[in-house]
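J.: Sequence:
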Amino acid sequence: MKSVNQLVQFFKVIVFTGMTVLCSCSHSVAESGSVKEFRVSEFGAVGDGMANDGPAVAKAFEAFVSWPGPARLTFESNGNYRVTSLPNVQDGDKAFLFNFRNVRDKYIDGNGCHFSMRFPLRLLHIKTCQEITVGDFSLGYDPAPFTQGHVCGVNEDAGFFDIQIMEGFH
Numbered sequence: 015m016k017s018v019n020q021l022v023q024f025f026k027v028i029v030f031t032g033m034t035v036l037c038s039c040s041h042s043v044a045e046s047g048s049v050k051e052f053r054v055s056e057f058g059a060v061g062d063g064m065a066n067d068g069p070a071v072a073k074a075f076e077a078f079v080s081w082p083g084p085a086r087l088t089f090e091s092n093g094n095y096r097v098t099s100l101p102n103v104q105d106g107d108k109a110f111l112f113n114f115r116n117v118r119d120k121y122i123d124g125n126g127c128h129f130s131m132r133f134p135l136r137l138l139h140i141k142t143c144q145e146i147t148v149g150d151f152s153l154g155y156d157p158a159p160f161t162q163g164h165v166c167g168v169n170e171d172a173g174f175f176d177i178q179i180m181e182g183f184h
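The working numbering puts the first residue of the sequence shown at 15, with every later residue one more than the last.
These are computed hints drawn from the structure, not numbers from a lab.
Do not rely on the hints blindly, as some may be mistaken.
[Claimed, not checked] In silico BS3-like cross-links for lysine-lysine, where the CA-CA straight-line distance does not exceed 25 angstroms:
| id | residue 1 | residue 2 |
| --- | --- | --- |
| 1 | K73 | K141 |
| 2 | K73 | K50 |
| 3 | K141 | K50 |
Just need the whole structure built from these sequences, with the hints factored in.
T.: Now the structure itself:
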């Protein structure tokens, strides 16, 4: 069993690695002159926090990522995009709303919007890409696929620790 210090270090590495991936992919695609804009509203996304916008956003993303040159995917200002399913995804599948593979010069402008997703759906995957920028949005899961609490006791000899779950988490 790993010690508590090893577990803390492990989680620090995971958080740092996730931030590194996102930060190292940023670039100023939005600043270049001829950028094709794709608005998710033109593909049927509502952004009202009620409708499942997953299929419409997926359709917009497919058109956007397939564009051969620089492109921007734009969300409505302060929209609330609920994503509870995506096309061609079965329960238990690992699926990403934004799955970048072998593309370059793409920019997602969240425009201050919020994504409310349902696990196991994930927001972002970037593989073998260049000049990818995503930003200006927040993300939440409903229901939350995790819990949160405080370590309130450690027994290194037995190899376990106790966690007190915070109010509002299961």
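J.: Look at each hint and say if it fits the structure.
T.: Now for the hints, and whether the structure bears them out:
1. K73 - K141: Answer holds: K73 to K141 is near 20 angstroms, not above 25 angstroms.
2. K73 - K50: 16 angstroms, holds
3. K141 - K50: 22 angstroms, holds
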